Amino acid sequence: MSAVPAPSRRPVARPVERRRAHLRVVAEPRPRHTLRYALLYLVLAGATVFGAVSLNALAAGDAVAAHQLEQRVVTAERDYAMLVAEVARLEDPARIRAAALELGMVPAGSVRFLVVDRTLPADGVTPDLVATGNEATDPLKPVLSVEK
Amino acid sequence: MLLLFVLLFGIVGWRLVDLQVVDAEELADRGVRQRSRTIELPGRRGRVYDREGDVLVTSVDSATIYADPRAYRSGETPDGTAKPPAAHAAEVADVLAPLVGRDVADLRAALERDAHFVYVARQLDWELGQRIMDLELPGIGLLTEPKRVYPAGPLAGQILGFTGIDGAGLHGLELQHDDILHGTPGQLVMEGAPGGLSIASGARELRPPVPGTDLVLTIDREIQSAAEAAALRAIEEFDAVGASVVVLEVGTGDVLAMASEPGYDPNDVSGSVQANWRNRAVTDVFEPGSVQKALTAAAAIEEGVVSPTTPMVVDDRIQVGSKTFKDSHDHPVEHITFAEVMETSSNVGTIQVAQALGKERLDRYLRDFGYGSRLGTGFPGESHGLLMPVESWWNTSLPTIAIGQGVAVTLLQTAHAYATIANDGVATQPRILRGTVGEDGRLTPADPSPTERIISSGTSRQVREMLARVVSGERGTGKTAQVPGYAVAGKTGTARKPSADARGYSGEYVASFVGFAPVEDPKLVVAVMVDEPYPIWGGVVAAPVFQEVLEFALKHRKVPPTEPNASLADALTEAALQEALADAQLEGPATAADEPASPPVGAAAGGDGAPVAEP
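As they're listed, the protein sequences go chains A and B.
In terms of the numbering used here, the first sequence has 172 at position 90, counting the first letter as 1, and numbering is strictly consecutive.
In terms of the numbering used here, the second sequence has 616 at position 614, counting the first letter as 1, and numbering is strictly consecutive.
Derived from the structure by calculation, the hints contain no laboratory data.
Because the structure is a prediction, the values reported are computed rather than measured.
Keep in mind that the hints are not guaranteed to be accurate.
Reference excerpt, derived from the structure (chain A facing chain B, CB under 8 Å, subset only) [stated by the list, open to error]: (1) 160; (2) 170; (3) 174.
Label-pair ranges, simulated between beta-carbon atoms [unchecked claim]: (4) A:160 - B:502: 46 to 54 Å; (5) B:4 - A:148: 41 to 49 Å; (6) B:391 - A:177: 47 to 55 Å; (7) B:5 - A:107: 56 to 64 Å; (8) B:182 - A:177: 28 to 36 Å; (9) A:178 - B:182: 25 to 33 Å; (10) A:129 - B:119: 47 to 55 Å; (11) B:68 - A:160: 13 to 21 Å; (12) A:126 - B:138: 48 to 56 Å; (13) A:126 - B:28: 37 to 45 Å; (14) B:16 - A:107: 58 to 66 Å; (15) A:148 - B:431: 46 to 54 Å; (16) B:444 - A:129: 52 to 60 Å; (17) A:173 - B:486: 26 to 34 Å.
We treat Cβ as the ideally placed atom computed from N, Cα and C, and that holds for glycine.
Model the full structure from these sequences, guided by the hints.
Pasting the structure below:
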């Protein structure tokens, strides 16, 4: 009996089994929703664009309103300056005198200063009842009213 | 095929690099220039107010009409298409010329010029500009320009001055205070759409304009107007070539009025006479004549040379060197006091006192009173007058100068000297600027005028009493200066005018009157000068003007009267009588006294220092 070498018991590669040794339970892969993401993206993008356009339109509308207001301010300032000049022209003493003479008025005679020899109704009025002196009383002359 | 793609992509890529890298900076600049607009924001020029806050000068928007002559020529569009003219220049000129007040041919020539921009008319009324724009004429546009306006026209024209069409001060206070009146223009840089609207999200950079400072003058508009009216009436009534009036407030040195007639309207400078632009009360000098005697008297009293009660022996003429000086009328030798010398305006008596005073002391006092130097108002063209150095005086200079000849002063200098006497001997520098109003709208008062004592209070009082006799005394030369209810002091003056083109004097005269009221506590000084009047006498010509202005000013400034008041019952009775009299006069026929050209009361009885011999 000859010795027959025993067949090599070299292990046969069993990759599957080896992998199986590392197998683990995994969850079922989720289904991909590419279409949903695309739609969502489009909606967001659309909303962003719409919002931006809307805001810009509102801003443009406000710009128009602001422009109109600025024009009104310019016009009002122009009118005010012209009215100031017109008031000053109408207050010109020479013009008033000429107009009065044209209306048939005559210059007043000498002013009389009298000795008041009896009590008058206004004698009891105290200065603080007449005016405090702190407020601007003449809207046409705000510059000097306080001091006056 | 591949090669074609590569070629096309290469071209596109090269263009991209060209635009984004090579020309990127220039293109970015061009983009900014296209949408960026710079708007100049004019700085409002400051207003000028009178002392009560009434507007004397302001600025309003005006319409400047311009044309683009290219609209009236055939041209080409950028793509080479022929473009006919939008209108004919002749037609546009026909429509515009009468509206803007230009000659049709002249305007048509302007519209046909080879230019992109021509002015059609500048600084028109805003309403007129709007009416022109409503016509929608091709090539015609409107610019807004600030325009200086003087609402009261000629009122205080020589004081206020005027500006050029570009708003820069050229004359008067407009020139003197141009540095604070003019505003600093601002700038607005913004991104705008072609239609002119700003881009809301665009860049916006604002540099706000700084408005000019407002001026508040010491001038009182009402008194100024009354002074101008009185001066104008004097010119008409006495056929004079000019008249000036100065009103000063005693103590503060405030110039309440400074009128010179004939005047001009600063709104129409081009249509005015240039000689009338001068504020003659500070730019022109004249020989004061007898009004000077008050200063000679003040110096003599202050130095103890004489007193009002000093008895004097006064002949009607006096010989000094080779010259004979005479009184206004012949009279025998008189034994009178120095106060009477002043009352009668005696040249001889004044010269006697001046000789006792001496030329050095007279010169010193005159200079202390403000003669020979500017008063410091800073007004453009202010004259310092003429007072020769005492070393250069001739032997006849002392008597000549003592009676107000051989010396030249401005009317403001004369008023200032009398204000010193009225102010207990303390000189206060005249001022015309009361304060300024800045952006906060608050009045910043000007510094008080500097003061200096010239003569003692006692001397001042004695001179005041002497001057009161000139107006109220029996022999006074200034009776027509009396103001009912007030004690008035003053002095008449009648002086020969130096010849303009030869040595010596011309045959013309200057009549003057300077005074103040109330005598005991003076509030106002009024100085009047009438140039070349007929008759010539200060008491006849200038004193009534003084009286009219002073009476108005005293009442307007609410200065209480000094003489005893009437009781209420007496006043009511008197008023009823006057009313009945006035009614009767209105109903009755006109009399000679109603004529405005009638001479003032006392005209025939007036008299003053007569012309003196030439020095």
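A quick look at each hint next to the structure:
1. 160: holds (5 Å)
2. 170: holds (4 Å)
3. 174: holds (4 Å)
4. A:160 - B:502: 46 to 54 Å: holds (49 Å)
5. B:4 - A:148: 41 to 49 Å: violated (56 Å)
6. B:391 - A:177: 47 to 55 Å: holds (49 Å)
7. B:5 - A:107: 56 to 64 Å: holds (58 Å)
8. B:182 - A:177: 28 to 36 Å: holds (30 Å)
9. A:178 - B:182: 25 to 33 Å: Holds, at about 31 Å.
10. A:129 - B:119: 47 to 55 Å: Hint holds: Cβ distance 50 Å, inside 47 to 55 Å.
11. B:68 - A:160: 13 to 21 Å: holds (19 Å)
12. A:126 - B:138: 48 to 56 Å: holds (51 Å)
13. A:126 - B:28: 37 to 45 Å: Hint holds: Cβ distance 38 Å, inside 37 to 45 Å.
14. B:16 - A:107: 58 to 66 Å: holds (60 Å)
15. A:148 - B:431: 46 to 54 Å: Holds, since residue 148 of chain A and residue 431 of chain B (Cβ atoms, about 52 Å apart) stay within the stated range.
16. B:444 - A:129: 52 to 60 Å: Taking Cβ atoms as reference, residue 444 of chain B and residue 129 of chain A lie about 55 Å apart, which means the hint holds.
17. A:173 - B:486: 26 to 34 Å: With Cβ atoms ~28 Å apart, the hint holds.
The structure is inconsistent with hint 5 alone, although it conforms to all the rest.
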